[in-house]
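Chemist: The lines below spell out each chain.
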Amino acid sequence: MNPSAAPASYLDDGHTLRSWLFTTDHKRIAILYIGAITFFFFVGGFAAFLIRYNLLSPKGLIGSAETYNRLFSMHGILMVWFFLVPAVPVTLGNFLAPLMLGARDLAFPRLNLLSWYLFMVAGVVALYAVVGGGVDTGWTFYTPLTSFYSKGHVIAAVVAIFIAGFSSIATGLNFIVTIHKLRAPGMTWYRMPVFLWSLYATSVILVLATPVLAMTLLLLAFERIFGIGVFDPKIGGDPLLFQHLFWFYSHPAVYVMILPGFGVISEIIPAFSRKELFGYKFVVWASIAIAVIGFLVWGHHMFVAGTSLFSALVFSLLSYMVAVPSAIKVFNWIGTMHKGYIHFDAPMLYAIGFIGLFTTGGLTGLFLAALAADVHLTQTYFVVAHFHYVMVGGMVSAYFAGIHFWWPKMTGRLYPEMWGRAGAIIIFVGFNLTFFPQFLLGYLGMPRRYFAYPQHFEALNLLSSAGALTLAVGYILPLGYLTWSLFYGERASANPWGATGLEWTTPSPPPTENFAVTPIVTEEPYQYRQAETVNHE
Amino acid sequence: MSDAEAHEFQFGSAERQHEAAISGMWLFLATEALFFGPIFLSWIYARHADPSAFDAGSRHTALMIGLTNTGLLLASSFTYSVGLACIAFGSRRGMVIWLAIAWALGAAFIGLKFGVEWRMDLKEGLFPGPNFAIHGPARSGAQLFFAFYFFGTALHGLHLVVGLGLVAWIIFQAERFTAERHSPVRVVGLYWTFIDIIWLVLFPLIYLIGRAS
Amino acid sequence: MNGYLPSATVEGREVDFLILALVLVSCAVLALVFGLILLYVVRYRADSGVYRGAPGRKTWRFEISWTAATLAVFFVLFIWGGDLYVRLFQPPADALQIYVIGKQWMWKVEHQGGQREINALHVPINRPIQLVMTSEDVIHDFSIPAFRIKHDVLPGRYESLWFQVETPGTYELFCTQLCGVGHYSMSGEVVAMSQPEFETWLAGGAAPGQREDMAAAGKALFTAHGCSGCHGEGGVGGSPATTGVSAPALAGLLGRSVKLQTGATVTADEKFIRDCLLTPDKMPIAGYPQIMPSFSGQISEENVLRLIAYIKSLKSGSRT
Amino acid sequence: MTAVIVRLVAVASLMFALLAAELAATFAFPGWGRGGVAIVAATMVGVAAVGFMDLGQEGATVWLFAAAAALWLIILLGLGSLDPLTRTLYLTINITP
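Chains as they are written, first to last, in the numbering used here: chain A, 1 to 537; chain B, 1001 to 1213; chain C, 2001 to 2320; chain D, 3001 to 3097.
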């Protein structure tokens, strides 16, 4: 190719700070987001590290219970709203959605930039709340503790989450309209990669659940500021109403965190098995089903909260229903590997780790959906372990898998493969070491959010903290070698993995316009030709 | 094929942009509907906790003002739609006049709601708290009602103020719009009517259910 | 106590059995998932020359079968867990009632006889115990891992928890709902002892002389707050002839069905009496003018419980 | 243009008539009042969406979004009120008479 004729890559389209901060290019906004959420991931991770340090001793090592409560609140708030919820949609989603669709940008590019600014403002306010002042209510903000008794910077935290919520809504709205309106010629719904379907399902949740959280937090702030409100039991209000509203958002939000991960895995498994995705339509509709049924199950967070027996039974039954589509996906991924030509590059290792950890997390979810078992296990470390298996073992693994998989596309450089594989394995081992003991702790009755704990829980806590150290190494490692590869990594070709999908037909990194010529789609996704030799090594 | 032509099908045509803008607005309104959801659910909870006291609180509201305000918003939705029809048929002048009427009706709502009704309510001591004016058996439930009332109307009023800003913006930008290109007028119109719809739900919840039997 | 945590109640062992079943199901699924991954990873690695055959196309048979299998297993688990849950929270009628109040950051327990304890609960074995719980401030949660049972304790209402201990011993008690800075310290112990030992403890354990029978304390409150002025001494009820106003009789009230002016019929339980005391206007009794004042803010949660104990003690009485 | 204006006038007249019906339901029909108000209010919302927001002229995408909003509100309000509406049916405390 004649270099002068090749369109400039989006990275070379201006090098000034201004060219980045005022860009409406979805790819540059994705990079801005990666910077932001990486920062929040490590701040939240640092809080987690201090939590594990404190729990090394039954008496607590950081001196004050108040600090400890602030630490886990900070960890929860930052990780949920400033890392997990945005993680894949705003980074990989932003970067890839138009590329995968064969579009030039998202439907509303300026709204996209606005959402980043909202996110940053929210982030600054959140940091002020959790670092400057401190919030000690946990990320769940239960009333009346939060509305009347807590002394922390609750209002600032609530404002931060409110703003971040509108950033999420803007992102979700953008994706939905883009997928409806900007598909390339020939890109029918059933020719879209599963990643886009997952993104669509995620966006549905973002758009329909986030406003409920925003309003709930406003009601909470109203109650705290005026000392009166609809959750106040003193005037006949119901604190359980807050929990219902909170979990109406926060349970589907769990699927916001995991669905894009499903999408990433559904791209990676076929690419490294050189085989078509098994049961494409089932995987696609499982995503949509999760997005819808995910809204019907929030009551399972409240089985011992004092809700009616009848509603507990209804929510338990519905909770089982939502596990079915997840099970469908796991079996389909394994089905994809059957008779494939499996390669073990780092993204695939992360993806296999994801299947294992997510399945474990999902199965332990069954314990919590089974009413009587939930009574014993809820509000203990069992729950902590369960959602970390799904969120961290599942989602963060998927995020890393995706970052590695599309790294050459985003940066034009290859990451060092050996280091990538080492990182994947260390994270898998460290993760299990950290969180498996917590299942046992939970069964033995250790409650969540305890600054100090009875002596007999000490051994398992030690094990868990040792695992956390391993995990920390596992997370810092990619930060190191990926940064290194930005400067010294080998140049990547347009399609280093031999993968299908429109994003691989344009150069790495892509030009600002994405495609020199608008692509026309003529076939189904994942048309891997079996036994094809691949040129990536 | 030049770059511009290549991307024509996605961004070039006004029709594409129009479609994206209209459907985007509808999706945003879906978000807004859910945004008001918790207020409606809190009404259900608060009234269920003590129906008679809640209704007693409701009967302290100013029905005539609420009714007038409902009429104002209905009329303004109508005048806005007429303005939209005007621009669709090429009459920019007609659009400006009818939108100005719609704006004035909306502003009158704000004036009545917050300048008159709220002031009356506050003077009567109907803001919940230690100085709440309703005593006796219905005190708790009535406080719950007024917590809902002030929160709900404030939030609706805020949306209406944003709407007023948008309508004013359309009026000042009138030069830009033609019979063929006026999607912002439609998009703002959707939002304007939506605020009306929210009020159509809030109105019976605040003023009527408590008075019905 | 490290390692396996034996359950001290019959229901707890049932919960363990359910958890064991869940563990077995999980292990089976995990073995299948990891087994298949391992098998495929080895067998179908890129450089393995194993014959792959023609790719199969009919996927829906697999999809239908594993979806159906998953659903069937889930349904069994749902029925099992739901049935046990309903039993976990339906106390037997003859349970011994003990009152529990949570506050930041302690558990206050009061027995029928007026014996009070803090962050401890003494109970007899082989007898159903029902805790009637409320909170003075935020939401707490009364959790006894050894009994496999817990429930949130909310302000402004009563929640109930019951269990029947089989094995005497001392068991851990935790608050498992974040309730502020001292959350971690809101723990204590549940001491289960044989009936004779429990009697001895009741008689001498909790500072005799200072304590007052709950019902007796409630009787004093009944007079002090002027309840007897309308409802009559001993809660026999009032009429214009005796007390000047019509007031319903309270003796023998608990457990009876009460007709309200709204036409509804409610069973008079602890919650009903509490509501009548604090929000009487919500509970206008059919046949009486609603003139009862609210005692909201004037009586502490503990005294409400004592009044309830007193009203319960009024067994006989004229029916209205 | 006239046809459009006539249609809008008709819609507005219908809305005001419905408002009158709502008031009538509140004050004139004891026993049916609350249900009547709810039905009229829901009708008014529908009429405004179709008459003023031109929902009828929009394509499948817009209908999908509007239906999603309605469905999700039903989920929130329906499943959300399931708990308080059934809570009192199960006594937390059993007493032998």
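Bear in mind the hints are in silico, worked out from the structure with no lab data behind them.
Possibly wrong hints are sitting among the right ones.
Unchecked claim - If you want a taste of the chain D side facing chain B, the calculated C-beta under 7 Å gives, among others: (1) MET3001; (2) ALA3010; (3) ALA3028; (4) VAL3037; (5) THR3043; (6) GLY3046; (7) VAL3047; (8) GLY3056; (9) THR3061; (10) VAL3062; (11) ALA3067; (12) TRP3072; (13) ILE3074; (14) LEU3076; (15) LEU3077.
Claimed, not checked - No more than 27 Å apart at the CA atoms, straight line, and that leaves these computed lysine-lysine pairs for DSSO-like: (16) A:LYS151 to A:LYS59; (17) A:LYS181 to C:LYS2108; (18) A:LYS234 to B:LYS1123; (19) C:LYS2259 to A:LYS59; (20) A:LYS281 to C:LYS2259; (21) A:LYS234 to C:LYS2259; (22) A:LYS151 to C:LYS2259.
Every residue gets a Cβ at the ideal spot worked out from N, C-alpha and C, and that includes glycine.
Chemist: All hints are to be evaluated individually against the structure, with a verdict given for each.
Modeler: Comparing the hints with the structure gives:
no. : hint                  : result
1   : MET3001               : holds (4 Å)
2   : ALA3010               : violated (10 Å)
3   : ALA3028               : violated (10 Å)
4   : VAL3037               : holds (5 Å)
5   : THR3043               : violated (10 Å)
6   : GLY3046               : violated (9 Å)
7   : VAL3047               : violated (9 Å)
8   : GLY3056               : violated (13 Å)
9   : THR3061               : holds (5 Å)
10  : VAL3062               : holds (5 Å)
11  : ALA3067               : violated (9 Å)
12  : TRP3072               : holds (6 Å)
13  : ILE3074               : violated (10 Å)
14  : LEU3076               : holds (5 Å)
15  : LEU3077               : holds (6 Å)
16  : A:LYS151 to A:LYS59   : holds (24 Å)
17  : A:LYS181 to C:LYS2108 : violated (62 Å)
18  : A:LYS234 to B:LYS1123 : holds (24 Å)
19  : C:LYS2259 to A:LYS59  : violated (55 Å)
20  : A:LYS281 to C:LYS2259 : violated (58 Å)
21  : A:LYS234 to C:LYS2259 : holds (26 Å)
22  : A:LYS151 to C:LYS2259 : violated (45 Å)
In summary, the structure is inconsistent with hints 2, 3, 5, 6, 7, 8, 11, 13, 17, 19, 20 and 22 from the numbered list given earlier, while agreeing with the others.
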